[in-house]
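Asker: If you read the sequences in order, they're chains H and Z.
Mapping of the first sequence onto this note's numbering: position 34 corresponds to residue 34, and the numbering continues sequentially without gaps.
Mapping of the second sequence onto this note's numbering: position 74 corresponds to residue 1074, and the numbering continues sequentially without gaps.
No wet-lab data here; the hints were simulated from the structure.
Be aware that one or more of the hints could be misleading.
What the hints assert, rightly or not - Cross-link-like lysine-lysine pairs, in silico, DSSO-like; alpha carbons within 30 Å at most:
| # | chain 1 | residue 1 | chain 2 | residue 2 |
| --- | --- | --- | --- | --- |
| 1 | H | K60 | Z | K1025 |
| 2 | Z | K1156 | Z | K1120 |
| 3 | Z | K1025 | H | K66 |
| 4 | H | K61 | Z | K1025 |
This is what each chain is made of:
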Amino acid sequence: MRQELPMILAFIVGILMIVSFFFTSETLGEAARTVENWGVIVAAFALGLASINLIQIHAKKITRGKGLDWLYSGALLFSMIGMAVLGIAKGPTHPTYQFWFDALFVPGQATVYAMTGFFIASAAYRAFRIRNLDSAILLVSAAILMLANVPVGEKIWSQFPAMGEWLMNVPNLAGQRGMLIGAGIGGIASGIRVLLGIERTYLGGSGS
Amino acid sequence: MQISTDLGVWIAAIATIGILSFAFKDNPLYRLVENVYVGVSAGHALVLGWINIRDQGIGPLIDDGDWSLLVPIALGILLYTRFFKKISWLSRFPLAMLVGIGTGLAIRGTIGSQIVNQIKSTILPLNSINNAIIIFGTLGVLIYFFFSREHTGPLKHVSTFGRCIMMVSFGAAFGSTVMGRMALLINRLHFLYANWLGIIR
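For reference, chain Z alone in the conformation it holds in the complex (with noise of 0.2 Å):
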């Protein structure tokens, strides 16, 4: 057994305990190492926005004379207008930007990714029982979700399958997140067995 003299092992540790001492109940230690942790990650986030603007705004603004960055350099500081009640309307426009962007891209994305990729990907010949199950399966679900017309007769015995399939995604699902999470506090008790503790390799 060698204990770590490292002192960021040490408060890597101390703020690793912290959160795992959750598991018991809500206490001073946990609550402080949440905060901090909030706080780093903020200021992170913070550090990774400046270095957006320098790098793509006001960098390329001055160093090779691109006025155009002008614009989003202007919609971002009109942002700040909300904390001026008489001008915060302003502050609609990048935000009708961002929506804008946001949902164009979600658009096209979906389009291809979500709707024309996997229809393409379920368009299979019917001769074996895995493609059966895949080519049924998808319609089935989406039956489930199509509430235009009442769920009796024929359309109830194929959204009834199509439920049965979704229960199986969600059972994989959920066992693939227990499987992902015990990985990672099987790494963190690893961390403190080994490089903290040093009771193990």
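Isolated chain H (complex conformation) (with noise of 0.2 Å):
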């Protein structure tokens, strides 16, 4: 039972969603609303969860860990508790914490995203050798892409843009649907297994 109760409310509330969508009823609609509400509020909980687990990790990084681990790990947990003891206490609109927001977390993201450039410039220099018909064809849409959309591509050839353009909306766009449709089907396929209680991983390992 252990297992079944868990799958039967899952399989309840997955069906609830779905059904909602496809019927006008004012009740299903309002229970299904509901339930979504409910869902916010448990995975937030879910966020005091995985916290628990960082500060375990990293308070047994802080007491066993080699070299500046303590360092890092004691850097993590100060910035995590800290930021959260802040903004719990204060609010996030509170001056304090919008400063430690957009002096650590702003910039952290940003550049955290542009550092991946460079490593998308190594794997450039892999995918695009040309050994084959795929990576040739890879290699020429990237690079029209690219020249299409920055001022030197159009200095270079005037119609650059509009091939761009062309590549986006035409060969790119069937491409796209292509992968969609296919990769919807086997997500719905997916998604059927797990209210049907067929993939249950996700009930771990917990006891039985």
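Assemble the dimeric complex from its two separately framed chains, guided by the hints.
Answerer: Dropping the structure here:
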């Protein structure tokens, strides 16, 4: 029963979400909205669980870590607890919270994503070596699109922007559409497996 | 040249340089900034989570007397039974509810936006080369993923055409990602040169 009851709950909730979308029943719609709202609250509790997990891992690193691990883990815990206490006590709109948010979170996020530019460049070197027709097509479409989006592309050949636009709106659209439909069908099949209890890895191994 | 005197700008500049320094090699400054960034992100997520619990759970429960909200609050608390071995199985209930909601929302969203709308938009009149590429390109990609029959004869040509169309898509996605990441990098460098060092305007 410890496995079956949660599976039944997942099935009922999942079916409610699907059925409420296809039938114009006010009762079903209201029930689905309520359950969706409940999901937001439960997910918020899960964030607390994740934080406890993070604290456990890094507390262990502080006490038993090698080299400068204590410093890195200490900095992580200090910044996490500091932000959480400040945000919960004063609110996320408080100037002090906003200061640390703007000074650390915003530049950190932007720079981490910007950093991937370097790795993409090295990945491009490997991917763009023309070995067959597929990699040639990949190289040509990527090169056209990049040249279409920078001013120098238009200086080289005035038709690059138009070519880039055509590439995005015609063959790229067809490819994306085919992949979306394929992935969608696959996603629905996986979802049905979860709701019917065929796929139950999410129940984990916390006792039977 | 006028270097910034704003403490926030200095902290942001050190964080930016720390993360960018990884392009050279892994170093203590990068690892320190990386850990601080993870900590700040986790703390921020925790604050947003608390706001959700307060505004959608505890607040309406106390102010409006909406007792039904005791259900998600109790389910949320059940998540923490994971730390007690004997009753850890109880944490499956909130997890099952989240999986049920997520799966249900994903299925209904997929049917509408990823299947019905995409098929509707693909049904075009065959009166131009562009429309023909869109129709046969989409069909080619779908046939490429059709594994119930061996890809021989005409099916092989159609699936090869589908693969070529996918390569164009991957190339376009790659090009767009490179452009996006480069824009972010330029933005960070502009921040360092303009906001921090004051070398450029």
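Asker: Look at each hint and say if it fits the structure.
Answerer: Hint-by-hint comparison with the structure:
Between H:K60 and Z:K1025 the CA atoms are separated by roughly 27 Å; this keeps the pair inside 30 Å, and the hint holds. For the hint pairing Z:K1156 with Z:K1120, the CA-to-CA distance comes to about 26 Å; that is within 30 Å, so the pair holds. Our distance criterion of 30 Å between C-alpha atoms is met by Z:K1025 and H:K66, whose separation comes to about 20 Å. At roughly 23 Å between alpha-carbon atoms, H:K61 and Z:K1025 fall within 30 Å of each other, so this suggested pair holds.
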